[in-house]
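2 protein chains.
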Amino acid sequence: MNNSPIDPHSVGIVETQHFTCCVPPDELHLKSGLTLGPITIAYETYGTLNDDKSNAILICHTLTSDAHAAGYHAGDKKPGWWDGMIGPGKAFDTNKYFFISPNVLGSCKGSTGPASINPVTGKPYGLSFPFVTIEDMVAAQRKLLDHLGIKKLFSVAGGSMGGLQALIWAVHYPECVHSAVLVATNYRHTAQQIALHEVGRQAIMSDPDWLNGEYYGKTIPARGLSLARMIGHITYMSDKSMDEKFGRKLIGKEKLGYDFSHDFEVENYLKYRASSFVQRFDANSYLYISKALDYFDLSEDGDLVSKFKKTQAHFLVISFTSDWLYPAYQSKDLVRALKANDLDVSDCEINSSYGHDAFLTEVESQSKLVTHFLNRLHREKFHGHR
Amino acid sequence: MNNSPIDPHSVGIVETQHFTCCVPPDELHLKSGLTLGPITIAYETYGTLNDDKSNAILICHTLTSDAHAAGYHAGDKKPGWWDGMIGPGKAFDTNKYFFISPNVLGSCKGSTGPASINPVTGKPYGLSFPFVTIEDMVAAQRKLLDHLGIKKLFSVAGGSMGGLQALIWAVHYPECVHSAVLVATNYRHTAQQIALHEVGRQAIMSDPDWLNGEYYGKTIPARGLSLARMIGHITYMSDKSMDEKFGRKLIGKEKLGYDFSHDFEVENYLKYRASSFVQRFDANSYLYISKALDYFDLSEDGDLVSKFKKTQAHFLVISFTSDWLYPAYQSKDLVRALKANDLDVSDCEINSSYGHDAFLTEVESQSKLVTHFLNRLHREKFHGHR
Numbered sequence: 001m002n003n004s005p006i007d008p009h010s011v012g013i014v015e016t017q018h019f020t021c022c023v024p025p026d027e028l029h030l031k032s033g034l035t036l037g038p039i040t041i042a043y044e045t046y047g048t049l050n051d052d053k054s055n056a057i058l059i060c061h062t063l064t065s066d067a068h069a070a071g072y073h074a075g076d077k078k079p080g081w082w083d084g085m086i087g088p089g090k091a092f093d094t095n096k097y098f099f100i101s102p103n104v105l106g107s108c109k110g111s112t113g114p115a116s117i118n119p120v121t122g123k124p125y126g127l128s129f130p131f132v133t134i135e136d137m138v139a140a141q142r143k144l145l146d147h148l149g150i151k152k153l154f155s156v157a158g159g160s161m162g163g164l165q166a167l168i169w170a171v172h173y174p175e176c177v178h179s180a181v182l183v184a185t186n187y188r189h190t191a192q193q194i195a196l197h198e199v200g201r202q203a204i205m206s207d208p209d210w211l212n213g214e215y216y217g218k219t220i221p222a223r224g225l226s227l228a229r230m231i232g233h234i235t236y237m238s239d240k241s242m243d244e245k246f247g248r249k250l251i252g253k254e255k256l257g258y259d260f261s262h263d264f265e266v267e268n269y270l271k272y273r274a275s276s277f278v279q280r281f282d283a284n285s286y287l288y289i290s291k292a293l294d295y296f297d298l299s300e301d302g303d304l305v306s307k308f309k310k311t312q313a314h315f316l317v318i319s320f321t322s323d324w325l326y327p328a329y330q331s332k333d334l335v336r337a338l339k340a341n342d343l344d345v346s347d348c349e350i351n352s353s354y355g356h357d358a359f360l361t362e363v364e365s366q367s368k369l370v371t372h373f374l375n376r377l378h379r380e381k382f383h384g385h386r
Numbered sequence: 001m002n003n004s005p006i007d008p009h010s011v012g013i014v015e016t017q018h019f020t021c022c023v024p025p026d027e028l029h030l031k032s033g034l035t036l037g038p039i040t041i042a043y044e045t046y047g048t049l050n051d052d053k054s055n056a057i058l059i060c061h062t063l064t065s066d067a068h069a070a071g072y073h074a075g076d077k078k079p080g081w082w083d084g085m086i087g088p089g090k091a092f093d094t095n096k097y098f099f100i101s102p103n104v105l106g107s108c109k110g111s112t113g114p115a116s117i118n119p120v121t122g123k124p125y126g127l128s129f130p131f132v133t134i135e136d137m138v139a140a141q142r143k144l145l146d147h148l149g150i151k152k153l154f155s156v157a158g159g160s161m162g163g164l165q166a167l168i169w170a171v172h173y174p175e176c177v178h179s180a181v182l183v184a185t186n187y188r189h190t191a192q193q194i195a196l197h198e199v200g201r202q203a204i205m206s207d208p209d210w211l212n213g214e215y216y217g218k219t220i221p222a223r224g225l226s227l228a229r230m231i232g233h234i235t236y237m238s239d240k241s242m243d244e245k246f247g248r249k250l251i252g253k254e255k256l257g258y259d260f261s262h263d264f265e266v267e268n269y270l271k272y273r274a275s276s277f278v279q280r281f282d283a284n285s286y287l288y289i290s291k292a293l294d295y296f297d298l299s300e301d302g303d304l305v306s307k308f309k310k311t312q313a314h315f316l317v318i319s320f321t322s323d324w325l326y327p328a329y330q331s332k333d334l335v336r337a338l339k340a341n342d343l344d345v346s347d348c349e350i351n352s353s354y355g356h357d358a359f360l361t362e363v364e365s366q367s368k369l370v371t372h373f374l375n376r377l378h379r380e381k382f383h384g385h386r
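Which chain is which? The protein sequence lines are A and B, in order. Quick note: this note's numbering has the first sequence finishing at residue 386, numbered continuously throughout. Quick note: this note's numbering has the second sequence finishing at residue 386, numbered continuously throughout.
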């Protein structure tokens with residue numbers, strides 16, 4: 001990894017690496033009771049791990065994202081998905097910390113998922129891939145950290161589904177987590193979140209090309225996946241950000257067409273984003289991961305507060321005013337449960353019109369909060385004072 | 001129409017009537033420049049028209065609703081869609097007023113629409129049905145009122161798309177409208193509203209059974225229409241009302257299934273509501289009417305305020321705190337434009353967790369506002385004092 005000659009704040013050219021574990025007879029025991037193995041985890045790293053391996057920060061991604069969080073893949077013009085936050089001198093400072101960014105189990109971006117070849121059959125798993133939960137994704141990440149020799153994370157950070165993974169880290173492996181940065185996230189999926197995902201899943205599963213998940217090597221269920229992505233995009237933005245970006249602007253037309261072709265820019269935008277998405281994401285992975293999200297409920301036995309009784313981690317919880325997919329009140333509920341455990345919690349609701357996407361776009365305001373939070377913990381841990 | 005013997009506040013058993021006009025060579029001139037005829041309008045009436053025909057109130061419905069606003073069809077157990085608001089002694093008091101409730105042009109509930117037989121071909125119109133706008137729906141309603149001999153409406157009332165029709169009445173036929181009750185509505189469809197509709201349309205049009213709209217007599221595009229309805233239902237409720245109604249309740253299961261069958265009540269609810277909807281609504285009508293909504297923009301030439309300069313109507317504008325499909329700020333923008341014309345405007349944002357559906361469910365709070373508004377105008381008009 002070299003810093004780009006043009007941008008001293010970029011981690012430069014990066015490569016995705018792969019780690020394989022749980023090779024039978026060793027297997028990963030899943031929350032469902034089933035097992036899975038072998039498992040490959042795609043991941044990237046940025047910065048340098050220090051000698052006592054105490055400066056590692058795990059970066060966790062969203063439903064459809066991947067291991068490529070920062071820097072550039074050779075030949076690419078677009079950097080990783082959280083590049084504004086990760087790099088030399090940035091909020092997640094690669095001059096100080098070593099970052100590990102794994103692709104989640106169940107995805108299609110290098111880690112084992114339903115599109116992977118089942119070594120037993122020699123064919124893609126499809127729906128024979130066992131159901132994986134957020135807890136299972138985190139269990140697989142722990143195998144990767146064991147492999148890297150990292151016993152305790154200085155921090156674990158993520159937005160949206162990444163925040164859920166960070167929460168599971170703090171709750172299930174309290175001895176491994178010094179701090180957690182939870183952005184635009186919650187502690188359980190609500191009825192509205194489940195409903196929005198369910199429409200996407202029904203869109204995929206009602207596409208005749210889906211073939212009960214056995215479409216590999218044939219036509220992909222592009223229509224269904226495209227619809228799921230369109231719904232997703234609407235939920236990632238806000239009423240206001242859509243109005244500011246598109247309003248009622250027409251696409252290269254003098255006037256309305258009075259037919260069912262596209263008239264408005266927002267219609268074309270959704271179509272364009274959806275059609276690029278179906279080329280890069282696997283429909284079955286969308287089913288698996290969206291359902292894993294819907295299954296997520298840290299309060300499933302009725303008690304959220306007690307979940308944190310074993311953790312001593314420090315928390316930064318960030319939400320955004322216009323995020324209606326993971327509304328700020330959900331972060332506030334989480335903060336209350338953390339504080340009820342007398343934990344060190346910093347929380348902030350950032351004023352933004354960008355909706356859920358704000359965790360990707362509001363770099364400046366997030367950076368201030370993350371920098372301050374990590375600097376304070378860094379001083380305390382490495383210099384013994386506040 | 002007889003009042004039910006059981007409920008003195010019901011209009012009792014009602015029947016839908018039909019009126020046909022614009023029989024060629026007479027035709028309705030549409031906003032698109034095309035023409036349509038003949039046109040049949042399904043409608044119901046409640047109460048008694050007074051001698052000088054001055055007590056008529058027009059009731060306008062939503063995207064997927066119909067002429068059956070109040071009372072019971074013979075044999076039915078469920079009353080019309082706004083029965084809580086319309087009846088003897090109710091907010092829309094059939095002891096005082098005569099109500100006309102037409103089904104919109106383009107629908108499939110008795111009025112002429114894409115599923116109707118094109119008299120020229122002897123086959124259903126399908127996509128050869130001309131595009132109709134909210135303005136065209138109102139123009140057809142005016143033909144019905146002419147037929148009934150009603151020159152001026154005491155009021156025109158509607159929620160959601162019904163509010164848009166009421167607005168067009170006030171703006172295009174100012175001499176015909178004494179007052180308007182606009183509930184959970186706006187003056188132009190926003191990018192988010194367009195986007196949500198566009199996903200529904202794409203769902204229908206990407207259903208292989210849609211056959212470019214030529215599915216009549218064959219398999220209906222149930223999968224696509226079902227998806228459109230599921231999205232619709234989510235937008236009609238609120239995060240809070242979904243949480244209160246469903247939360248994370250499981251359907252007859254002890255625990256999560258760890259597969260892609262339904263786990264949560266909210267998933268079953270959406271499926272149930274969607275599957276009953278596809279039996280009662282035409283997919284092409286969904287395309288036409290949703291697009292008519294998206295085309296609606298009273299400020300399309302950039303100036304909303306001047307649109308109301310010819311009207312002397314009195315306005316009641318009601319919105320709901322948790323309505324995110326037609327948010328309250330849109331009603332407030334409309335109220336500002338009305339007040340800039342020095343018009344008599346009463347406006348109220350009702351506190352409710354029911355989302356957009358509140359205009360159907362919050363009967364008590366709406367009734368107070370509507371009763372007070374109509375009583376005041378009634379005293380002024382019929383007794384010459386406030």
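Mixed in with the good hints, there may be bad ones.
Intra- or inter-copy, both count: the list cannot distinguish identical chains.
Claimed, not checked - Here are the simulated BS3-like cross-link-like pairs (lysine-lysine), alpha carbons at most 27 Å apart as the crow flies:
1. Lys-249 to Lys-53
2. Lys-240 to Lys-332
3. Lys-332 to Lys-245
4. Lys-78 to Lys-143
5. Lys-31 to Lys-253
6. Lys-249 to Lys-368
7. Lys-245 to Lys-218
8. Lys-271 to Lys-77
9. Lys-123 to Lys-240
10. Lys-255 to Lys-53
Source of the hints: derived by calculation from the structure; they are not laboratory data.
Status of each hint after checking the structure:
| no. | hint | in the structure |
| --- | --- | --- |
| 1 | Lys-249 to Lys-53 | neither (53 Å within a copy, 44 Å between copies) |
| 2 | Lys-240 to Lys-332 | both (23 Å within a copy, 15 Å between copies) |
| 3 | Lys-332 to Lys-245 | between (29 Å within a copy, 22 Å between copies) |
| 4 | Lys-78 to Lys-143 | neither (30 Å within a copy, 58 Å between copies) |
| 5 | Lys-31 to Lys-253 | between (53 Å within a copy, 17 Å between copies) |
| 6 | Lys-249 to Lys-368 | neither (35 Å within a copy, 39 Å between copies) |
| 7 | Lys-245 to Lys-218 | neither (37 Å within a copy, 41 Å between copies) |
| 8 | Lys-271 to Lys-77 | within (23 Å within a copy, 43 Å between copies) |
| 9 | Lys-123 to Lys-240 | neither (46 Å within a copy, 44 Å between copies) |
| 10 | Lys-255 to Lys-53 | neither (62 Å within a copy, 40 Å between copies) |
Of the numbered hints stated above, those contradicted by the structure are hints 1, 4, 6, 7, 9, 10, listed in ascending order.
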